[in-house]
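2 protein chains.
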Amino acid sequence: MSELPRTSREVRLVAVPSGLPRPGDFAVADTPLPAPGDGEVLVRNRFFHVFAALRTLLGGGVEGAPFPPLRPGDTLFGPAVGEVVAAPGDSGVWPGDLVFHWLGWREYAVMAAADCSPLDDALPDPIMHLAQGRTVYGALTRGAKVRPGDTVFVSGGAGSVGSLAGRIARLLGAERVIGSTGSPEKAKRMVAELGYDAAVVRGAGPLTEQLATAAPGGIDVLFDNVGGEELRAAVATARPGARFVLVGALSGQLAESGSGTTAPVELDSYQLIIKRITMLGYSALDDPGVQAEWIDRFGGWARSGALGFPHVRVDGIENGPRALHEMMSGRHLGTVVVSL
Amino acid sequence: MSELPRTSREVRLVAVPSGLPRPGDFAVADTPLPAPGDGEVLVRNRFFHVFAALRTLLGGGVEGAPFPPLRPGDTLFGPAVGEVVAAPGDSGVWPGDLVFHWLGWREYAVMAAADCSPLDDALPDPIMHLAQGRTVYGALTRGAKVRPGDTVFVSGGAGSVGSLAGRIARLLGAERVIGSTGSPEKAKRMVAELGYDAAVVRGAGPLTEQLATAAPGGIDVLFDNVGGEELRAAVATARPGARFVLVGALSGQLAESGSGTTAPVELDSYQLIIKRITMLGYSALDDPGVQAEWIDRFGGWARSGALGFPHVRVDGIENGPRALHEMMSGRHLGTVVVSL
Chain A
1 MSELPRTSRE VRLVAVPSGL PRPGDFAVAD TPLPAPGDGE VLVRNRFFHV FAALRTLLGG
61 GVEGAPFPPL RPGDTLFGPA VGEVVAAPGD SGVWPGDLVF HWLGWREYAV MAAADCSPLD
121 DALPDPIMHL AQGRTVYGAL TRGAKVRPGD TVFVSGGAGS VGSLAGRIAR LLGAERVIGS
181 TGSPEKAKRM VAELGYDAAV VRGAGPLTEQ LATAAPGGID VLFDNVGGEE LRAAVATARP
241 GARFVLVGAL SGQLAESGSG TTAPVELDSY QLIIKRITML GYSALDDPGV QAEWIDRFGG
301 WARSGALGFP HVRVDGIENG PRALHEMMSG RHLGTVVVSL
Chain B
1 MSELPRTSRE VRLVAVPSGL PRPGDFAVAD TPLPAPGDGE VLVRNRFFHV FAALRTLLGG
61 GVEGAPFPPL RPGDTLFGPA VGEVVAAPGD SGVWPGDLVF HWLGWREYAV MAAADCSPLD
121 DALPDPIMHL AQGRTVYGAL TRGAKVRPGD TVFVSGGAGS VGSLAGRIAR LLGAERVIGS
181 TGSPEKAKRM VAELGYDAAV VRGAGPLTEQ LATAAPGGID VLFDNVGGEE LRAAVATARP
241 GARFVLVGAL SGQLAESGSG TTAPVELDSY QLIIKRITML GYSALDDPGV QAEWIDRFGG
301 WARSGALGFP HVRVDGIENG PRALHEMMSG RHLGTVVVSL
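If you read the protein sequences in the order shown, they are chains A and B. Per the numbering used here, residue 1 is the first one in the first sequence, and the count goes up by one each step. Per the numbering used here, residue 1 is the first one in the second sequence, and the count goes up by one each step.
If you're looking for bench data, these hints aren't it; they were derived computationally from the structure. One should not assume that every hint holds.
Since the list gives no way to pick one copy over another, a pair counts as held whenever it fits inside one copy or between any two copies.
[Stated by the list, open to error] SDA-like cross-link-like pairs, simulated, lysine to any residue; straight-line CA separation at most 20 Å:
(1) 275 <-> 236
(2) 275 <-> 53
(3) 188 <-> 24
(4) 145 <-> 101
(5) 145 <-> 278
(6) 145 <-> 176
(7) 145 <-> 241
(8) 275 <-> 241
(9) 145 <-> 289
(10) 145 <-> 286
(11) 188 <-> 70
(12) 275 <-> 7
(13) 188 <-> 312
(14) 275 <-> 35
(15) 275 <-> 67
(16) 275 <-> 288
(17) 188 <-> 204
(18) 275 <-> 69
(19) 188 <-> 288
(20) 275 <-> 287
(21) 275 <-> 240
(22) 188 <-> 113
(23) 145 <-> 28
Let's have the full structure, built from the sequences with the hints guiding it.
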């Protein structure tokens, strides 16, 4: 066995940001790396995902949410793909294996073997395992039950989740797919690069009017990653019997002053009744069967070229804090990935 | 054939009420009664239902709603049970038949035979055909899918719809049934007379706290007839996976200044996601199969004594406007029926 690394660089929270996280709120620190014990693995990370839920965790978290809040001194975490460097004992994982796990934001991670999952070869590129497609696919197939011919509105359609939602809705048969985003530049790119038929822009006039223009016949499905004004506009534009699936609430995180822990929206419950709208909160965490089905379909779509993994790659852990700031500022299309 | 009546008294709108309708907003007028033509029927009304949707219709109606708004000079309408007096031609309806139809608020009504439905004898008392149980039963079985052991919250639990919802939820297996209402007196009566385990009171302190006390383990189901603060409290108190069915939006009608055409409510879409809440607008109009099943079950429950028809009876068409004011003021438990 070759010499194991003794130290690792990692990104830590220095101060809880009061608004959008800025690079100065974090530090890249050297830290001693323990040797893995029996049943543990040492993983060298290759990629990690700068995921949007960090904003909520930085803002103090939310009761009932799947992750604890981050405190000053904590190391950030998030979805990661790495290569096993050492796996003493009989853990069922072997050096050289590529694994998915949740200890991103560090060069090396030591964890129980049970906390990482070896990648199968269904996907043509290991980085694709960072795509948040499980939630998207589950929400569209189980939650909103997208059907051929549907007009689908994806709020936050340029982000990590939304960029996949637009494409997957189309692959499921949607006839017209509309997204929302925060700038006219991204709106243009969504049509040119992400396959949307049209995009509406927050802050560029009433969203309800923009959406009514983009979907003259109304919408059948909302894939909601935002809440707030997007959700209101979707109610106003919904066709009778529309199905809304709620997977994210970025509206609570977009405001400089937002805590990221609530996403208030004023709805008219009379309209929900008259239009027979169904609205449901979805998480793939409740839906264990969806993962295998998603990977199987993603693999097929990816190999045929029907579906890629829209992402932006930032090189070097030292650029992680900047990548987080840029992701939160909505500068990028698709998933923001840091490569090591 | 005996002499047919030549005139009928009916209740007309004189002025669009600016808040709660008052008796002076209506007039009881004599009107000439045409003789029924071939394929028409002349019905002498026995009972009609003072139904809550009138408030919305008096307020100008809502686009997409099933009924047109009422204008000054219009005769009110609503669910009614009457006896066929004359049915010339081959209409399939015969003098002496009891029928259900929508031309309440008048002593006699002339209509196409197709616009009335002969009552079957599944229900032990004809007045029971005025119970709004079809919507309630459909909403609880198809919408919220009430299961044995559920804790169910019925907003507006003392009214025509709510008083049935509480009882039917129990018959479907709910373990704990909580209602909301507008006064402590009605809350007491809901427990004593309508079988609720507990009742919370609008305007008697934060509803969320009252509901948390009444349902310490949280709620599984909301049957929502109100919207507004009741809906907010239900979100705050929901258990994971809670099912909300929305059938009415009285909150838009309760305020003196309310137009009755909107029911704004501020929700936190993040909570809907974290708790995986399903919320759906329901109308039995979309669900043709539910009527026969409801009448069958109601008949069985009614004959066994398990379910009655909670109502208040006001005698005489001249007292209709007062009955409407009292219903809107929330003075009564159950359905308000005018008998002729």
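Against the structure, the hints come out as follows:
1. 275 <-> 236: The answer is within: 10 Å in one copy meets 20 Å, while 24 Å across copies does not.
2. 275 <-> 53: between (32 Å within a copy, 16 Å between copies)
3. 188 <-> 24: So residue 188 and residue 24 fail the 20 Å test inside a copy (32 Å) and across (59 Å) alike.
4. 145 <-> 101: Intra 29 Å, inter 38 Å, cutoff 20 Å: neither.
5. 145 <-> 278: Intra 11 Å, inter 14 Å, cutoff 20 Å: intra and inter.
6. 145 <-> 176: Only inside one copy: residue 145 and residue 176 sit 15 Å apart there, 32 Å across copies, limit 20 Å.
7. 145 <-> 241: both (12 Å within a copy, 18 Å between copies)
8. 275 <-> 241: Classified as within; 6 Å inside a copy, 23 Å across copies.
9. 145 <-> 289: within (16 Å within a copy, 23 Å between copies)
10. 145 <-> 286: both (16 Å within a copy, 19 Å between copies)
11. 188 <-> 70: neither (35 Å within a copy, 47 Å between copies)
12. 275 <-> 7: Classified as neither: same-chain Cα gap 59 Å, cross-chain 40 Å, threshold 20 Å.
13. 188 <-> 312: Result: close within a single copy only, 17 Å intra versus 62 Å inter.
14. 275 <-> 35: neither (60 Å within a copy, 40 Å between copies)
15. 275 <-> 67: So residue 275 and residue 67 pass the 20 Å test across copies only (14 Å; inside, 35 Å).
16. 275 <-> 288: Answer is between; shortest inter-copy Cα gap is 17 Å, intra-copy 32 Å.
17. 188 <-> 204: within (14 Å within a copy, 52 Å between copies)
18. 275 <-> 69: Between. Shortest inter-copy distance 18 Å satisfies the 20 Å Cα cut-off; intra-copy 38 Å does not.
19. 188 <-> 288: Neither: 36 Å inside a chain and 45 Å across chains, both beyond 20 Å.
20. 275 <-> 287: Between copies only: 14 Å across chains, 28 Å inside a chain, cut-off 20 Å.
21. 275 <-> 240: within (4 Å within a copy, 25 Å between copies)
22. 188 <-> 113: So residue 188 and residue 113 fail the 20 Å test inside a copy (44 Å) and across (59 Å) alike.
23. 145 <-> 28: Neither. Shortest intra-copy (43 Å) and inter-copy (52 Å) distances fail the 20 Å Cα cut-off.
The structure shown violates the earlier hints numbered 3, 4, 11, 12, 14, 19, 22, 23.
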